[in-house]
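Visitor: What follows is each chain in one-letter form.
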Amino acid sequence: MSSAPLAPRRFLAWFFGTTLLALFLLSRVIVAMPMVFFDDAYPLWHYAKTARDSVGSKDARILVLGDSRGQAGLNPDVLGKDINVLAVPGVSPIELYYSFKHYLQHHQPPAKVVVSLSSTHFGFEQLFWERAIKFGYLDANETEEVILTGRRVGDQSLGRRSATTDAWFYRQGAPWLYFPELRAGVFGGRLAKNRELTARVAEGNGHVAYGTADASDGLAYEISHSTFKTMPATIEYLRILISLAKSVGARTEFISLPLNQASLRAMPAAHRDGFVQLMQQLQREMPSFTAHPQWPEYPNDHFGDPNHLNARGAARFSAEFLKQWSTP
Amino acid sequence: MLLTSVAFNYGVGRALITPGRSPSSRKRWYRLVVAANLSGIAYFKYAGFMGEIWNQLVSGSVDFRGIVLPLAISFFTFQQIAYLIDVYKDPALGERDPVRYLLFVIFFPQLIAGPIVHHHSLIPQLGGKGNLNLRSDNLALGFTVFATGLFKKSVIADTFATQATPIFDDAAAGTTPDFLTAWLATLAYALQLYFDFSGYSDMAIGLGRMFGVTLPLNFNSPYKAHNIADFWRRWHMTLSVFLRDYLYVPLGGNRRGPTRRYVNLMLTMMLGGLWHGAGWTYLLWGTLHGAYLVVHRVIANVRERIPLRKSRVEHGLAVLVTYLAVVLAWVPFRAQNMEAAGRIFRGLTAAGPVVLPAQYFDRLQNLPGAGPLLHAFHVSAGELGTLIERLWVVVLMLVMGHLAVFFLPNVQQLFHAGEGSATSPVWHPTRRWALVAGVLFAVSLAALSGKTEFLYFQF
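Taken in order, these protein sequences are the chains called A and B. For the record, in the first sequence the residue sitting at position 262 is 265 according to my numbering, with numbers rising by one throughout. For the record, in the second sequence the residue sitting at position 225 is 672 according to my numbering, with numbers rising by one throughout.
You may find that some hints are simply not true.
Here are some chain B residues the structure puts well away from chain A; computed CB gaps all over 10 Å [claimed, not checked]:
no., residue
1, F455
2, A519
3, F525
4, R691
5, A772
6, V801
7, D809
8, A884
Facing chain B, according to a computed beta carbon distance under 8 Å, are these residues of chain A, among others [stated by the list, open to error]:
no., residue
9, R12
10, F18
11, A25
12, A170
13, W171
14, R174
In short, the hints are calculated from the structure, not lab data. These numbers come from a predicted model, not from an experiment. Every residue, glycine too, gets a C-beta built ideally from N, C-alpha and C.
All chains, full assembly: derive it from the sequences and hints.
Guide: What follows is the structure, given as structure tokens:
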């Protein structure tokens with residue numbers, strides 16, 4: 004490399020040219036090697052994406068669409084062949100709708116769709132950008148569809164003016180949007196952990212034990228939300244999901260997974276009531292939808308952490324699910 | 448707030464330099480303006496702390512938490528106080544042009560976190576013909592220095608922050624860290640602060656250079672200092688000069704005997720601590736540095752009587768001891784409160800648990816003779832503090848950071864001729880430099896997305 008002095012203007016051209024080229028190369032690395040730097044949610048989303056899109060995987064009469072509680076609490080080995088679980092950590096009804104849509108493109112329609120989500124996932128915008136978009140769970144057209152839907156229903160966050168540009172930068176792997184993960188990935192040795200988790204989740208057919216403790220009396224996420232917050236787009240997408248299920252002849256049921264006694268006692272009344280009222284309102288609006296939003300109470304020794312059932316809890320809940328919800 | 452301060456101080460400055468004004472009138476104006484400036488900063492920055500002391504003393508319930516601290520208030524207030532003191536002593540130094548005075552205070556590269564610029568070095572540069580015009584040679588050098596500084600801040604300092612912050616947060620929440628975690632976090636914070644402030648100073652100098660303005664050096668490899676006085680000649684150099692000229696010397700400096708000199712040193716550093724922040728932790732930090740300076744002065748007095756030639760080993764040891772003293776003083780500087788600082792200190796002195804991750808403990812235990820040693824120091828296998836997941840990565844980062852701090856040339860040495868001069872660049876724009884600086888700039892821009900804070904902004 005030449006160390007001969009350059010004219011200052013040429014130097015500046017080289018400097019800014021190098022800056023742009025380096026940013027571009029960094030963005031290519033981000034797009035090409037997500038497993039290297041994303042946290043342990045990425046392998047789980049990646050697995051769900053593969054499962055929803057894979058042709059020839061099992062068709063089932065009942066499809067469960069859920070979040071991490073569903074992943075931990077429903078054991079496919081107990082549920083058997085008639086029930087498919089497509090659960091992704093940190094999802095909202097938006098991602099559940101697209102899971103279902105893709106699923107239908109590759110599978111026979113189920114007779115019943117069971118939706119299970121933490122009530123906190125109805126109002127957490129960052130989940131959409133930091134998970135669904137960063138992890139590439141939605142393609143460009145689907146993302147635009149979400150943004151347009153957001154605008155249609157007056158969602159100030161997803162429908163905001165800059166949303167389309169933001170989504171473009173996310174898709175291109177703009178380094179400034181991914182740097183915290185890049186830094187953590189470089190120093191945290193995430194590739195090995197992510198590979199190990201990918202193998203584990205595939206082995207468990209999507210079942211993941213989040214907490215491995217023998218018992219937990221910790222408080223669930225809901226307790227830190229004094230009120231029930233929603234985003235118009237998430238509610239709209241639950242409606243769209245229910246309509247899509249109806250269009251293929253399937254009923255939709257909403258269930259909440261169990262919480263421990265401490266969490267149920269500490270549940271803010273405004274949060275609980277707001278959530279239940281929303282579910283009741285949707286049930287009134289949409290005859291093909293039935294809601295069971297109340298959280299069943301399980302003992303502490305059924306929880307591996309404050310939010311997720313452990314193996315004991317999963318065995319019990321899976322058995323109860325079979326008994327209660329497996330009838331189309 | 449800033450513009451009010453500028454207008455007020457400019458107006459009084461004009462009053463001080465108006466010909467024919469009597470000495471008593473000038474003195475009244477001078478006292479008024481200094482008192483007004485100090486009252487402003489006392490209200491905005493120290494009312495909360497004073498209220499806290501008052502509440503503790505009389506079990507009161509005074510609450511000043513609603514007062515919002517204006518950004519950079521310490522910098523623009525003391526910069527103007529220095530100007531007014533100088534103008535009071537010598538009216539010829541006064542600035543008549545309101546635009547130049549305004550530019551002197553609000554020149555943005557140095558407004559937020561220094562360097563504290565002396566009026567006689569900045570104002571002439573702002574008024575010169577052709578100054579503040581963008582020239583490609585200034586831009587080339589300015590962008591290179593700025594990119595280096597931004598990289599230090601947003602990539603290196605913020606990476607060390609990811610290791611230090613959780614441990615200090617845990618200490619504030621009541622957890623006493625184990626011995627190893629406490630040291631890793633404290634050393635990580637020492638490097639975080641170093642690269643943060645060093646990076647910020649480089650950015651200020653680079654930005655200034657883009658406009659053809661040479662800002663004074665503020666940072667000169669302070670961890671290479673071989674005694675604490677040397678440290679203060681290298682760390683936040685413009686603050687040290689300010690404290691010396693406008694606090695230590697007016698207090699009597701070293702002119703009134705050794706005892707008074709030690710008292711003056713302590714007072715200056717304690718007030719310097721409070722300048723950084725209103726709280727007991729900053730006072731403790733300043734007190735520690737005052738004590739260090741007193742001890743250094745006592746030792747220096749003895750050594751002056753017994754002249755000894757310093758060997759390289761002795762010099763190295765002096766650098767190490769100085770560094771350790773500075774690092775220990777950073778604990779209260781960083782800790783959220785005195786209790787948290789106490790917990791970190793307990794960890795550092797092995798008063799808490801001494802643990803090693805199981806895989807390292809097992810390997811060490813199998814080494815010949817290591818077992819009894821581990822037992823003697825009560826070392827057991829266990830988990831390290833939050834986020835210290837991969838010990839070897841953290842240790843490697845710390846080693847690399849220290850190698851850079853102790854052995855690499857600083858930006859001043861790379862871009863300018865000789866230490867202490869910022870006016871004669873020997874740097875030439877080459878393709879190699881363009882590539883290096885371009886990559887640093889790109890990575891730094893990417894890193895700006897993360898939640899980061901410029902540590903020196905709060906001061």
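Visitor: Does each hint fit the structure? Answer for all of them.
Guide: For each hint, the structure was consulted:
For F455 of chain B, the condition that its CB be more than 10 Å from all CB atoms of chain A holds, with the nearest at approximately 41 Å. The Cβ of A519 of chain B sits about 26 Å from the closest Cβ of chain A, beyond the 10 Å cut-off, so the non-interface label holds. Distance to chain A confirms F525 of chain B as a non-interface residue, since its nearest Cβ pair spans about 35 Å, more than 10 Å. Listed as outside the interface, R691 of chain B is consistent with that label: its C-beta sits roughly 38 Å from the nearest C-beta of chain A, beyond the 10 Å cut-off.
No beta-carbon of chain A is positioned within 10 Å of the beta-carbon of A772 of chain B; the least distance is around 29 Å. Separation of V801 of chain B from chain A is adequate, the least Cβ-Cβ distance of about 24 Å exceeding the 10 Å criterion. Against the 10 Å criterion, D809 of chain B stays outside the reach of chain A, whose nearest CB is about 20 Å from its own CB. Not every beta carbon of chain A lies more than 10 Å from that of A884 of chain B, the smallest distance being close to 6 Å; the non-interface claim is violated.
At a threshold of 8 Å, the smallest CB-CB gap from R12 of chain A to chain B is about 5 Å, leaving the interface hint in force. About 5 Å separates the beta-carbon of F18 of chain A from the nearest beta-carbon of chain B, less than 8 Å, and the hint is met. Taking 8 Å as the C-beta contact cut-off toward chain B, the hint placing A25 of chain A at the interface holds, the least distance being around 3 Å. A cut of 8 Å between beta carbons decides the hint on A170 of chain A: the least distance to chain B is about 16 Å, and the hint is violated.
Contact between W171 of chain A and chain B, as hinted, is not supported at the beta carbon level, the nearest pair being about 16 Å apart and thus beyond 8 Å. Hint status for R174 of chain A: violated, given a least beta-carbon distance of 16 Å to chain B, over 8 Å.
Hints 8, 12, 13 and 14, counting from the list given before, are not met by this structure.
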